[in-house]
Amino acid sequence: MRSGKTLVLGGARSGKSGFAETLLLRDAAGTTSVYIATAEARDDEMRARIAQHRIRRDGQGWRTLEAPLDLPGALAGLAPGAPVLIDCLTLWLTNVMLAQRDVDAACTALRVAIAAHDGPLVAVANEVGLGIVPENALARRFRDAAGRLNQDLAKEVGRVVFVAAGLPLVLKGAL
Amino acid sequence: MRSGKTLVLGGARSGKSGFAETLLLRDAAGTTSVYIATAEARDDEMRARIAQHRIRRDGQGWRTLEAPLDLPGALAGLAPGAPVLIDCLTLWLTNVMLAQRDVDAACTALRVAIAAHDGPLVAVANEVGLGIVPENALARRFRDAAGRLNQDLAKEVGRVVFVAAGLPLVLKGAL
Amino acid sequence: MRSGKTLVLGGARSGKSGFAETLLLRDAAGTTSVYIATAEARDDEMRARIAQHRIRRDGQGWRTLEAPLDLPGALAGLAPGAPVLIDCLTLWLTNVMLAQRDVDAACTALRVAIAAHDGPLVAVANEVGLGIVPENALARRFRDAAGRLNQDLAKEVGRVVFVAAGLPLVLKGAL
Chain A
750 MRSGKTLVLG GARSGKSGFA ETLLLRDAAG TTSVYIATAE ARDDEMRARI AQHRIRRDGQ
810 GWRTLEAPLD LPGALAGLAP GAPVLIDCLT LWLTNVMLAQ RDVDAACTAL RVAIAAHDGP
870 LVAVANEVGL GIVPENALAR RFRDAAGRLN QDLAKEVGRV VFVAAGLPLV LKGAL
Chain B
750 MRSGKTLVLG GARSGKSGFA ETLLLRDAAG TTSVYIATAE ARDDEMRARI AQHRIRRDGQ
810 GWRTLEAPLD LPGALAGLAP GAPVLIDCLT LWLTNVMLAQ RDVDAACTAL RVAIAAHDGP
870 LVAVANEVGL GIVPENALAR RFRDAAGRLN QDLAKEVGRV VFVAAGLPLV LKGAL
Chain C
750 MRSGKTLVLG GARSGKSGFA ETLLLRDAAG TTSVYIATAE ARDDEMRARI AQHRIRRDGQ
810 GWRTLEAPLD LPGALAGLAP GAPVLIDCLT LWLTNVMLAQ RDVDAACTAL RVAIAAHDGP
870 LVAVANEVGL GIVPENALAR RFRDAAGRLN QDLAKEVGRV VFVAAGLPLV LKGAL
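Residue numbers (our numbering), protein chains in the order written: chain A, 750 to 924; chain B, 750 to 924; chain C, 750 to 924.
Calculated from the structure, these hints are not laboratory results.
The beta-carbon is built from N, C-alpha and C at its ideal position, and this holds for glycine as well.
Each hint should be verified, as a subset may be incorrect.
Stated by the list, open to error - What the simulated footprint calls covered on chain B by chain C, stretch by stretch (three residues with Cβ under 8 Å from a Cβ of chain C suffice, anywhere in the stretch; the number is not a length):
1. 761 to 767
2. 774 to 782
3. 823 to 829
4. 906 to 920
Isolated chain A (complex conformation) (with noise of 0.2 Å):
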């Protein structure tokens, strides 16, 4: 079911994730979601901005997993027709390319996992490549497979959005 997926891309603090809850909520239509989070608690910052985002699905019933770096596994492990949200892409590329894991391959295994999910799917991914080439070597690794994976995944699902300061611009198919 193609139409049932969708990437929600957007930049840092854009409302993203809230837009593409709010979305999987309407597609889910009641039934109760599964919410993967890739995030991984580095520091005090991130262990913040992890609970920033648990307060405003409390509640809400969302069941969560936890899946920073096995997330086609988490996938594949799902209930037939679960919504489920991933929430991020990028930062589980990011946990994949510290891990030294095989980027390619990687990469693959989470769109076929993707493919085969039969139920709603909204995946948030960050938009990093619209500013000055990094002078770091690895950022710039990352932000070509970053932009990589945005292009594949989006050939993949039946709708792509774009979201700015909370508002959605329709790249591909309809809200």
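Given the structure of chain A, go ahead and fit chains B and C onto it with the hints provided.
Just chains B and C now, with coordinates in the frame of chain A:
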């Protein structure tokens, strides 16, 4: 009058200021407009940029106010119905952070002042969250605060426009 | 023929080059197209990237010209009516600045050459102004010059498209 307020978002040198001025002059329909400049000339580069912006407005019937920090106060002091352009919110936020003021309190005061103004209003803001995560913690805090301010104001106003290469994409309302 | 010229804007790895090629091949309607490459291979990373772009075009009936600096001259030397893709303006601007040429004069010459070309033309450019203000003064000057060039060319052409995740948002004209 919600529909009389506009948030113009865009990157550096995206043409957002020129677009915002044209939009306000249209909404102002001949009334003398107030231009609230938030820039502080800290060096020659800034001085040149400010001068360049003034040259573009010159002889077009604007009255300029400078409000690098007390932007809420400047808005509160305007005559009822005065058309006003704020350029820009992101520089104001920079000034607030550099002066070590309370960012949340300042942003709340700004939202209240914008909501209370009863004439046409166009506020310009930078979108700064679409590049690689900055290595500098202050830059990350600034990026978060700027993104949150943009989201909050986008809810407050009737019209939100993203400008790229001088051209508008409407995110909310209509042009 | 204004409507025959297109500016394609996007971030790094946004799919803008692939989109631009598809668009020009459609506009060219079977005529052999000229691909003007502005990249200079300064290191292995660049060489790999250039090679990757060539592989995508390979055997598709393109003729490649390299014009890292004299892009206006390369355009002026084309046969009348020749479909041409320029990839990309932002790398050309980088080369102009690194060679310490007069940026304003070079950009004016480019605009004149683009206006004078009488066949289908697609020019690719990076949007680089949507991140945090760079700490480096040269990067800020580059960002300003790139933004101004995009604005100026957007006025010159009949069609402007922003590409994210390989998908187009039309800013001017129609696809």
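| field | Numbers of the earlier hints that this structure fails to satisfy, in rising order | value | 2, 3
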